[in-house]
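A.B. asks: What follows is the residue order along each chain.
There are 2 protein chains.
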Amino acid sequence: MQSLFRSTLAAVLLSSTLAHAQTRPQLPPPQATDPIALKLMQGFPPPPDKTVRLANVLQYPNARWAFHHMRELGPTAAVWRGAGTPSALPQAARDLDVIRFDDGGGQQVGLTDWQRDTYTDALLVLHRGRIVYERYAAGMQPQQPHALWSLSKSLTGLLAAQLIHEGRIDPSAPVTRYLPEVKDSAWGDATVQQTLDMTTSVQYDEDFARPGSGIFQYLIAGGLLPAPASYSGARSMLAYLPTVAKAGEHGAGFQYKTVDTEVIGWLLQRVTGQRLDELLSQRLWQPLGAGEDGYVWVDGSGAQLASVGVGATARDLSRLGEMLRLQGRFNGREVLAPAVVAELRKGGDVEKFKAAGQTMRAGYSYHDFWWIPHDADGSFEAKGLNGQHVHVNPAAELVVVKLSSHPVPNTAYTHVQDRRAFAAIAAALRETGKAP
Amino acid sequence: MQSLFRSTLAAVLLSSTLAHAQTRPQLPPPQATDPIALKLMQGFPPPPDKTVRLANVLQYPNARWAFHHMRELGPTAAVWRGAGTPSALPQAARDLDVIRFDDGGGQQVGLTDWQRDTYTDALLVLHRGRIVYERYAAGMQPQQPHALWSLSKSLTGLLAAQLIHEGRIDPSAPVTRYLPEVKDSAWGDATVQQTLDMTTSVQYDEDFARPGSGIFQYLIAGGLLPAPASYSGARSMLAYLPTVAKAGEHGAGFQYKTVDTEVIGWLLQRVTGQRLDELLSQRLWQPLGAGEDGYVWVDGSGAQLASVGVGATARDLSRLGEMLRLQGRFNGREVLAPAVVAELRKGGDVEKFKAAGQTMRAGYSYHDFWWIPHDADGSFEAKGLNGQHVHVNPAAELVVVKLSSHPVPNTAYTHVQDRRAFAAIAAALRETGKAP
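Those protein sequence lines, which keep their order, are chains A and B.
With our numbering applied, the first sequence covers 438 to 873.
With our numbering applied, the second sequence covers 438 to 873.
Please note: incorrect hints may appear among the correct ones.
For chains that are exact copies, the list does not tell them apart, and a pair is met inside one copy or across any two.
Here are the computed lysine-lysine pairs in the DSBU-like style, where the Cα-Cα straight-line distance is at most 30 Å [said to hold, decoys possible]:
#1 Lys789 to Lys683
#2 Lys620 to Lys791
#3 Lys487 to Lys476
#4 Lys783 to Lys683
#5 Lys476 to Lys620
#6 Lys620 to Lys487
Hints were generated in silico from the structure; no laboratory data involved.
Remember, it's a predicted structure, so these values are computed and weren't measured experimentally.
Same shape as in the complex, but just chain A (with noise of 0.2 Å):
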């Protein structure tokens, strides 16, 4: 177990050391990572150094088949799509493959180039609730959920808010209202809003580069890596929370931490008595209209991973940036109420979001676990590991989904390129959208 682990963590270190490298070319490049021509997981049984399971997940390029494959890695409850037929996503093919944009090194790239080079496994574009854009690659099938890493918090963040709205939750109030039993941890003087906004001070960072780091912790208790023999701290989520310390003063400035959103997550369920999924089910992919049920990673207690643990599909996700784009209504409903999504899109506070030294996303702050550009277009984003993006354009009518498995975690490793990709796209569709 504990070889297990350390051979995790060497891939871990290695692919944060190369993250922080200047060359893009020690990574591997994108064409050698394809796990059908790799054959990853083919074969009765496949053979042994083809075989990718939780404990070799990050070993890469075994995530580039592992994250549309997650529930068959480990105990998940389904987020069910509901009775109904699933909502219309309505066709308009335009060839965007024609568009070129300078990449941010100089280099003219098209949309193809940035798919590949930024390990897409899933990109769809929606042009006023119109699908004009959709590709997978890897293998991955439209109907296969994708690990979302963090954007998960997203999801978490929008129950949150609706619940705010909702008056069953006070964003002032002290966590520990709800949730008792984190009141010696880092939450136990922290308001429920700050835990949203993550300006809660903490000793917890998220440093995949350092074996010690907080992250190691939480995906062990999490179930999502083997604990060490030597480990001999909690192995499940709600048990390792009320131990995380707290570190300076909350408030002062944004720090990003996953803990956070499991502390909502709980908090969520807490509330309401409804498990993640249900909340997940009921209040989004039901009057979504979700076309596939979703699911939640499901720790070693049976607890929910709210931070990190959600999959879906490239188009309910679409559906879901399609609802926010149109200030919560879609299917024909209203699903979160204007005032939730308008909450969303104010931000949060700018000055406070430059504590966490994110240079790349100058301008940016962070609110109800959602990525506020500030931008004229009035653009908000969800993110995750490794490459996971909900962007939606409300100026440009556009939502964009990227689903990735790239080598390095921080999603920020690609964030120019990512950047250019939207803006262009959306210059591309506005041409479109004039009169002819």
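Given chain A's structure and the hints, the job is docking chain B onto it.
C.D. replies: Same frame as chain A, but now just chain B:
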């Protein structure tokens, strides 16, 4: 880990011992096993003694919650229902609760008594293709797939029979023509049909009361029971099967063996190059117009368990039963060739069936993993551990699906009552069928 295994084993032994006892009252009475009343898996987190995980599924009454939450307990692959609208299952409700029948012990019981006393989670009755009765208990919802256990074998049998019909598998061929890996095992000189009819002779037994029984090695290899510390055997299904040795001569008599179906499942995947979930989806779920995804349990190596691993909703099983009642046609199309269904209904060798000593099922035979009573109505049945049933009665134009979580592994536990209940339902519906 070892103590976990011991306690699991202890529970198994207890329930088996109780099954052999003469009197029913030693078993937990059904009304004391309701998982909602017991608050199993309720709360965030549920108390430790109310927490159900894979390691304690066999500690009764945890099965009452677990059997309709299996995907939350371990790795599973989705059996996709397809992109289309679910096939119609018209409603024509009948008050079957008025039915009374002799339970075999001289007692008149009603249909609700029988459901309660046999720990039923779902009961669905189709008459002439219409739902006349549908009940759920123990918190199970209509959209939840239930563990089918050995009823999975019957699905695997249908796939095999169809591929034989298409000429892609020769039933008289040695298994080794397709699976050279088993040449030194029990199946080294067995034919495909002997394996499909379980007339192979294998050093393996399905005795839940004997700790060294083959079934425990099977469950460990399949990732369904944690391995005790002392365990040194195979840890994946496809590594385990080639190690199973021959006993006497093949073809002499029927002996119920879960491993035979795993060999066939492996063979189907080898022949088609498709995974079991894909075969089930393309050849059953999609053409049937299933309402929900099913699933297949995945072992530690990623292999899918063809013998016990499938889960499905009661409604989708009723679609399957109705298709078989209609000689393979359902949802406006031929799902299976009529010859496949005819072959199934023909049954196996009644004399060879006697070898198994299943006196309770006198007159039955077993063919292509289906149970054939050879009764006047021409009925045929799929069955699974702890009370899973698809009962098709062509003469009465009847399909009964019963999904349960009774405290005894062997489904024969309630065989007498179940047969009498099925007959009483058939009689009541026949009465309806008469002209007024």
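A.B. asks: Work down the list of hints and note, for each, if the structure agrees.
C.D. replies: Hints and how they fare:
no.: 1; hint: Lys789 to Lys683; verdict: within (18 Å within a copy, 71 Å between copies)
no.: 2; hint: Lys620 to Lys791; verdict: within (29 Å within a copy, 66 Å between copies)
no.: 3; hint: Lys487 to Lys476; verdict: within (7 Å within a copy, 43 Å between copies)
no.: 4; hint: Lys783 to Lys683; verdict: within (28 Å within a copy, 71 Å between copies)
no.: 5; hint: Lys476 to Lys620; verdict: between (50 Å within a copy, 26 Å between copies)
no.: 6; hint: Lys620 to Lys487; verdict: between (46 Å within a copy, 24 Å between copies)
Of the numbered hints stated above, none is contradicted by the structure.
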